[in-house]
Every structure is written in C-alpha cells, then in structure tokens.
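Peer 1: Take a look at the letters that make up each chain.
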Amino acid sequence: MRVLIIDDNADSTLALRMLLELEGHEVEVAHDGRSGLEACARSLPEVVLCDLVLPDMHGTDVGRALPSGARKIAVTGHDPADVRAACESAGFALVMQKPLDLDALLQGMSPA
Amino acid sequence: MNATPWQAPGRAAFVVALLGMVLTVAVSLYNLDLISRSADQVQRTDRALAALEQLIDDVTDAETGQRGYLLTGDSDYLEPYHTGASRARVGRDELLPALSEAGIPPDLPEVVGLFDLIDAKLVEMDNTIEVFDEGGGKAAMTVVATDVGLKLMGDIKNQRLRIRRMVVTRATESRARAASARQFAVASTLASGLLSTVLIAIVFLVLDRQQNLRRQALMRADAYSRHLTHLADVALQLNRVRDRDSLLGMVAAETRRLLSVEVAAAVVDRPEPASAVSVGTRSRALTTWRPHEQPLPVGVEAQESAGIASRSGESDIVSVLQTPAEIARANAVALTDRNGRVFGHLLAAEPFEVSADDSVQRLTLVQLGQLLSVAWDNVQLMEQLQAAAVEREHFMAMLGHELRNPLNAIAGASQVLARRVPEGDPMSEIVAMLDRQSGFMRRMVDDLLDVARLERGKFEIRHEPVDVADLAREVADDFGTGRPDGSLLRAQIPAVPLHVLGDPARLAQVLANLLDNAAKFGEGRPILLELERDGDSVVIRVTDEGRGIPRELLGAIFERYAQVRSASYSGLGLGLSLVRGVVEMHAGSISVASEGEGTGATFTVVLPWMEHAASTPVPVARAPRPRTIVVADDRADARLALSQLLEGDGHTVVVAEGGAEALVKIAEANPSVVFCDISMGDGPDGYEVARTLRADSRYAGLRLVALTGFGTHVARERSLEAGFDLHLTKPVDLEEIRLALQRFDATL
Chain A
227 MRVLIIDDNA DSTLALRMLL ELEGHEVEVA HDGRSGLEAC ARSLPEVVLC DLVLPDMHGT
287 DVGRALPSGA RKIAVTGHDP ADVRAACESA GFALVMQKPL DLDALLQGMS PA
Chain B
6 MNATPWQAPG RAAFVVALLG MVLTVAVSLY NLDLISRSAD QVQRTDRALA ALEQLIDDVT
66 DAETGQRGYL LTGDSDYLEP YHTGASRARV GRDELLPALS EAGIPPDLPE VVGLFDLIDA
126 KLVEMDNTIE VFDEGGGKAA MTVVATDVGL KLMGDIKNQR LRIRRMVVTR ATESRARAAS
186 ARQFAVASTL ASGLLSTVLI AIVFLVLDRQ QNLRRQALMR ADAYSRHLTH LADVALQLNR
246 VRDRDSLLGM VAAETRRLLS VEVAAAVVDR PEPASAVSVG TRSRALTTWR PHEQPLPVGV
306 EAQESAGIAS RSGESDIVSV LQTPAEIARA NAVALTDRNG RVFGHLLAAE PFEVSADDSV
366 QRLTLVQLGQ LLSVAWDNVQ LMEQLQAAAV EREHFMAMLG HELRNPLNAI AGASQVLARR
426 VPEGDPMSEI VAMLDRQSGF MRRMVDDLLD VARLERGKFE IRHEPVDVAD LAREVADDFG
486 TGRPDGSLLR AQIPAVPLHV LGDPARLAQV LANLLDNAAK FGEGRPILLE LERDGDSVVI
546 RVTDEGRGIP RELLGAIFER YAQVRSASYS GLGLGLSLVR GVVEMHAGSI SVASEGEGTG
606 ATFTVVLPWM EHAASTPVPV ARAPRPRTIV VADDRADARL ALSQLLEGDG HTVVVAEGGA
666 EALVKIAEAN PSVVFCDISM GDGPDGYEVA RTLRADSRYA GLRLVALTGF GTHVARERSL
726 EAGFDLHLTK PVDLEEIRLA LQRFDATL
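If you read the protein sequences in the order shown, they are chains A and B. Under the working numbering, the residues of the first sequence are numbered 227 to 338, in order. Under the working numbering, the residues of the second sequence are numbered 6 to 753, in order.
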C-alpha cells in the first residue's frame with residue numbers, strides 16, 4: 227500500500243517508515259501540513275497517517291483538506307477519547323495513540 | 006428567683022398592707038370587747054335602778070301599813086307594815102352592791118343621805134307605832150301631826166330621784182361608749198376587709214407578673230433557640246453555595262431577616278467580581294434611616310467603610326451609606342480571611358432597637374459575619390483546588406503527550422531493529438532490552454493516562470460476565486512464562502468458574518498489576534495468588550514474603566503517588582491507585598495487610614460474585630467465511646467455549662490439549678487459522694509452537710492467534726516476536742474473533 231506519514235517528529239517518522247517498509251508498504255513522509263497535502267495531491271496514497279499537532283496547522287484541518295479517497299488515520303499523544311469526536315468530524319476513520327502498536331496499526335490500515 | 010427592680014415596691018406594699026390588716030383586726034377586737042362591756046354596764050345600771058325602785062316601794066308599803074294602823078287601829082294594817090319594813094331593811098342592804106356594780110360608789114353623799122333618810126323613816130314609823138300602842142290614838146295622832154314622817158318620805162323620794170338620775174346618766178354614758186365602739190368596730194372591720202382585698206390583689210399581681218415573666222423568658226428562650234437553629238441552617242446552606250454573589254446575597258438577606266432590619270449589605274473589598282450586594286427595600290431604606298446616638302463597638306473605621314461603599318459601585322448602598330458618620334452609626338462587622346486580612350464588611354444599615362435583645366442581635370451580626378467569612382474562604386479554597394486539579398490534569402495530559410512522542414520513535418526503532426538484527430547476533434540482546442524497557446515505559450505512560458481518566462470520571466469499563474478463575478489462570482500463566490522471576494508464583498485457583506460482571510481486560514490488568522507489585526517488592530521470595538468464593542463475593546488474594554509495608558504507609562498505599570512520598574520506593578506509585586480505581590468501578594473493594602517491614606504483604610480484592618453468567622454474547626459482526634481452525638488450550642472450559650463460538654459461526658474446529666498435540670493436529674487437519682494458548686502445562690508452550698510453525702515453510706499462509714489473559718504490551722510484543730499474527734486477550738468475545746477472521750479473509 228502507499229502510505230503517507232505526516233508528522234514533524236523526524237525520529238518517530240524514521241522508525242515508522244522503516245517498519246512499514248519492512249511490512250512491504252511504500253512510504254512517503256511529510257513534516258508539516260502544507261507539504262503533507264502537496265505530497266498527497268502528488269502521489270495519491272491509500273493511507274494517510276497524520277499527527278494532530280503539526281508546526282503549521284492542526285491535524286484536523288489537514289484531515290478536512292485531505293482527499294476522501296485515502297484512508298485517514300489520526301495519530302496523537304493525547305487521550306484518544308478526548309479527540310475522537312473532533313477527528314471523526316474531520317474525516318479521520320481512526321484515532322491511534324502513540325506509541326503506535328504496529329499490529330493495531332496494520333489492522334487499522336486495512337480493515338475488513 | 007433573682008430579685009429584679011420591680012419586686013421591691015411590690016414587697017413593700019405587701020408588708021404595709023399586712024401590717025395595716027393586723028392593726029385593723031386588733032382595733033375591731035378591742036371595740037367588740039368594749040361593746041360587750043358596755044352592754045354589761047347597762048344591765049348592771051338597770052339592776053341597780055330596779056333595786057332602788059323596789060326599796061322605795063317597800064318603804065312606801067310600810068308607810069301605807071303604818072298609816073292605816075294609826076288611823077283605824079286595826080291590827081290588820083300591821084302585817085303590810087312589817088313586811089314592808091323588813092323588806093326595806095333587806096333591800097337597803099342589797100342596794101349597795103348593786104349600786105357599786107353600776108358604778109355608783111356607796112360613799113357618795115347622795116347614797117349615804119338616802120340610806121340615812123330610810124333609816125330615819127323606819128325608826129320614825131317604829132316610834133309612832135310604839136306611841137300608838139302605849140298612848141293610844143291621840144298621842145299617835147300628835148306625832149303624825151308633826152308631819153315628820155311625811156317630810157322624811159318626801160326627802161327619800163327626792164334623794165331617790167337624784168340617785169336615779171345619776172344611775173341613768175351612767176347608763177347613758179355606757180350606751181354612748183357602746184355606740185362609738187360599734188362605729189369603730191364597723192370602720193375597722195371595713196378597713197381590714199379593704200386591706201385584705203388589697204393584699205390579695207398584690208399577691209395575685211405578683212404571681213401574675215412572675216408567670217408573665219416566666220412565659221416571656223420561655224418565649225425568649227424559644228425564639229433564641231429558633232434563632233440558633235436558623236443560624237445553623239444558614240451555615241449549612243452557605244456551605245453548599247459555590248459562587249460569591251449568591252453568598253453575599255444570601256448573607257445579606259439572612260441578616261435582614263434575623264435582625265429585622267430594612268437594609269443589610271455584604272460589601273467586599275474587591276474589584277472583581279461584583280463586589281456588593283444589598284438586600285432590602287432600598288427606597289424605604291432612605292426614609293427609614295434613623296441616625297443612632299451611639300455607634301456600636303463592633304463598628305468599623307468609618308473612613309474605611311466609606312471607601313468601600315463608594316468603591317462598590319452599588320449606587321443604592323452609596324446612597325444609603327453616604328457619609329462616614331452614617332456608616333459609623335450603622336452596625337457592621339469586618340469580614341476577615343483565614344490570614345486575618347479584612348476583605349469586606351457586613352452592614353446592617355438600620356440601628357438596632359435598644360432593648361434587652363440588643364446584645365443578641367449584635368452577636369447574630371457577628372456570627373453571620375463569621376459565617377460569611379468562612380464560606381467566602383471556602384469558596385476561594387474550592388476555586389483554588391479546582392484550578393489546581395485542572396492544572397494537574399492538564400499537566401498529566403501534556404506529560405503523557407510529550408512522553409509518547411519520543412516513546413513512539415524509540416518503540417518503532419526497537420521494532421525495526423528486532424526485525425533487522427538476525428538471531429544469534431550479539432546485538433540482539435541489546436535490542437530485546439530496548440524493546441522491554443520501551444514496553445515498561447509505555448505501560449507507565451498508559452497508567453498515567455488511566456489514572457487521569459479515573460480522576461476525571463472518564464474511565465469506562467465493559468460489563469460482561471467474566472470468569473475470574475480462568476482469567477487468573479491466564480494471568481498467572483503469562484506471569485510464570487513471561488518474566489525471568491515468573492517461577493516464584495504459586496497459584497491456588499478453584500477449578501470451577503467464578504463469574505463477575507466486568508471488563509476482562511481491566512480485571513486482567515488488576516491481577517497483573519498486583520502480581521507485578523508483589524514481584525517488585527517480593528525480594529525474590531515466593532508469591533501466592535489465591536482465589537475463592539466467599540458467599541456472594543469472589544475473593545482474590547496476592548501474598549508476598551518481601552519487604553512488607555511500613556505501618557505508616559498502609560493507609561495511603563492506594564493513594565496516587567504514594568510511593569513518591571517514600572524515599573525507599575521507586576516508581577510513580579500509580580499502579581495500586583489504578584488497581585483500586587478499577588476494582589471500585591467493578592463495585593468491589595481492595596485492602597492490604599502487612600505486619601510491617603520485612604514481613605511481606607497481602608493484597609485482597611473482593612468482587613461481587615455473579616451467580617448466573619449469561620452464556621451467549623449477542624452476535625454483532627457478520628460471520629466470516631467457514632474455515633478449519635485448530636484451538637489449542639490445556640483447559641477444557643476454555644477449549645469448549647471457544648470451539649462452541651467458532652462452530653456457531655460454521656467453522657470446523659479441531660481441539661488440542663497441549664503444545665505437542667497442537668503440532669500434530671495442525672499437521673493432520675491443515676487449518677488456515679490456529680488459536681493457541683500461551684502456557685499449556687507440560688511440553689512446548691505457545692511461543693514454541695509459534696516458532697516451530699514459523700520455521701516450517703509448509704505453514705507460510707497459516708494465521709496464528711495468541712490467546713492470553715495478559716493484555717500488556719510486553720506480552721503482546723512477545724507473542725508477535727514468536728511469530729503470532731495476532732494477540733488476543735482472554736476471555737475473547739465473538740466480536741473480536743469475527744473481526745480477526747474477517748481481517749484474515751481480506752488479506753488471504
């Protein structure tokens with residue numbers, strides 16, 4: 227699958243990228259909302275993993291701006307219960323909490 | 006009873022009236038005596054007069070006889086003469102005592118004269134009769150012709166009149182005395198009657214007055230007790246008020262009511278929030294304002310209050326309390342915070358009436374002021390506490406967030422390394438350590454979040470029948486196989502199911518946390534996990550023989566950060582507080598017992614037992630396509646439950662009782678999915694089974710699902726590392742299984 231990771235934490239994205247690539251996915255990384263949206267428009271990923279706290283815009287705004295074709299997953303360090311409603315209204319299919327559980331992530335990326 | 010000023014005149018009047026009555030009674034008695042004596046006197050004078058008349062009659066009778074005899078010579082006349090003369094002699098002797106009794110002394114010249122005359126008359130009559138007898142009629146007539154006898158008789162009669170007059174005068178005097186005595190007696194009786202009426206009136210008035218006073222005292226006591234009750238009510242109500250304006254309004258209204266004043270105001274020396282509340286009929290307040298002569302001692306510095314009033318911005322208050330002098334005349338108490346700082350005033354704008362209740366009213370104002378001060382302080386403290394709680398919550402959320410980002414990178418990196426570093430490489434040990442430690446850290450952060458959720462009441466648990474016995478076995482198994490000191494655990498768990506209503510994952514977390522805790526402080530000595538049913542409860546006990554808990558820490562051990570307070574323990578101390586929170590959400594309780602340091606500790610969890618566990622969960626997810634599935638579990642109950650669930654969805658199920666049998670059955674049945682328990686008694690455990698299968702190229706497409714009661718991330722990582730595709734926490738519900746199988750459907 228083509229996966230786009232939008233997260234400003236370079237270390238975090240590096241590890242996640244390597245893991246997903248090990249799982250056989252094609253991964254692209256953007257470190258802020260604007261470049262994330264540009265990357266999305268360019269490479270049309272099937273899954274977008276988007277951090278909620280980005281340097282230039284909030285993750286929910288990114289979520290709203292993302293095309294509906296991709297499966298959008300919000301990633302946050304906050305309590306998912308606190309942000310779930312906002313994320314759902316921004317078009318995210320899932321909210322996942324950091325640190326990411328690879329198994330759960332893979333399951334979330336390709337549900338039945 | 007204490008003497009009060011009104012009693013002195015009452016008592017004096019009573020004494021005067023009593024003395025007067027005694028005096029008038031004495032006067033009456035004296036006069037009655039006088040009346041009776043006067044009556045005696047009258048009787049005696051009557052007797053004396055009668056005796057006198059009798060004597061004169063007797064003398065007259067004797068004379069009549071004498072004259073008859075002398076004129077006729079008939080001796081028949083001698084008879085009345087002798088009778089009269091002798092009776093006259095007797096009567097003469099009897100008259101004297103009668104006269105003296107009537108108050109006429111016998112030696113009075115009139116009495117002596119009368120007696121002499123009578124004696125002379127008797128002698129004269131005797132002589133004439135003698136002369137007649139000797140000399141015959143002629144001689145006697147000569148004597149009679151001398152008229153001596155006649156003259157004597159006339160003198161006697163005159164004398165008798167004189168004496169009679171004297172006696173009558175005496176009698177009249179007596180009668181007059183008796184009459185005046187009667188008047189006196191009547192007057193004094195009337196007077197004593199009047200005085201006794203006055204006395205009765207006084208006694209009645211005094212009694213009535215006392216009764217009135219007693220009634221008034223009772224009424225006052227009653228009113229005062231109602232007053233106190235009301236104040237207590239006010240205090241209770243104030244405790245419940247959480248905003249400042251209501252507080253000020255309430256106290257002002259109560260001040261007005263309890264003190265019966267037109268205007269009362271609670272004024273606070275703060276720019277924010279609205280700082281003055283006055284209650285009362287404000288327009289009337291201006292007209293009923295009466296300057297009071299003496300400012301009360303509890304008043305405040307006039308200048309200060311004026312400043313407050315004008316600062317308050319409440320025009321009504323300012324118009325009522327315009328000048329410092331007026332404020333000084335108002336009744337006021339200062340409101341002070343717990344540091345003694347004056348932060349405002351409670352004012353009762355109208356001067357109290359000067360009465361006996363004045364002090365009560367003043368005290369009431371002081372009390373209301375104190376109540377307001379305390380309530381104000383409490384509101385402030387409450388706000389500070391709430392602010393602190395919000396701040397802490399925010400901080401914990403931030404902390405969790407900030408920790409999760411680096412943790413995400415580390416955990417991700419360790420997973421990448423775990424996949425890249427080949428087995429047997431010297432670095433693999435370091436990679437495993439990295440994996441373990443990031444797992445610990447992740448759990449800590451999870452705990453932190455859970456505690457924050459518990460605190461905010463956002464913690465939610467599922468409510469479904471859970472076999473705690475089964476769960477405990479799973480957790481114990483995982484503990485035994487999942488960590489280096491796992492062999493220390495000994496479990497005593499009954500073979501029968503023990504159901505409670507709750508969240509299996511959370512209950513597993515409770516058990517795991519307690520076991521972790523026991524291992525952490527157990528100093529390498531055995532740990533005992535016991536489970537039993539006790540009446541309507543399921544009792545879970547975890548006992549260690551480690552360092553124990555100091556007595557002073559026992560009470561606070563379930564508090565958050567309890568360990569932080571004790572220098573000899575490390576960790577955040579969130580685990581046990583989380584355990585308690587989860588247990589309490591299951592309507593259970595947790596307690597700890599320890600004989601002190603070095604004696605180990607026993608943690609006891611009591612959960613409500615559920616007699617009839619609902620057997621079939623409600624199916625929600627769509628049934629996946631049928632497959633052949635191998636279920637490997639050493640416990641018959643668990644095997645049966647899972648195979649029934651799977652067969653219900655149309656799958657073909659083959660069961661195995663252990664690791665070795667599982668490998669055989671998988672080779673025979675060629676399943677597409679295997680559900681495998683991790684610890685299965687003797688022989689290969691779940692990890693080994695997974696590793697064996699993954700090493701065999703024949704089973705490349707086989708999906709492996711690990712089933713354990715240990716829902717921690719460490720356990721999960723370990724399963725995945727061994728080659729499982731999925732790690733499910735027992736008891737697994739149908740929904741989860743279907744989701745897992747659907748996912749396999751999609752990817753196969």
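Simulated from the structure, these hints should not be mistaken for lab results. From a predicted model like this one, the values you see are computed outputs, not experimental measurements. Where a beta carbon is used, it is the ideal one built from N, C-alpha and C, also for glycine. Be a bit skeptical, because a hint or two may be false.
[Unchecked claim] Stretches of chain B that chain A covers, calculated by requiring three or more beta carbons in the stretch to come under 8 angstroms of a beta carbon on chain A: (1) 398-407; (2) 418-432; (3) 449-460.
Peer 1: Indicate, hint by hint, whether the structure satisfies it.
Peer 2: Taking the hints in turn, this is what the structure says about them:
no.	hint	in the structure
1	398-407	holds (count 4)
2	418-432	holds (count 5)
3	449-460	holds (count 3)
Checked against the numbered hints above, the structure violates none of them.
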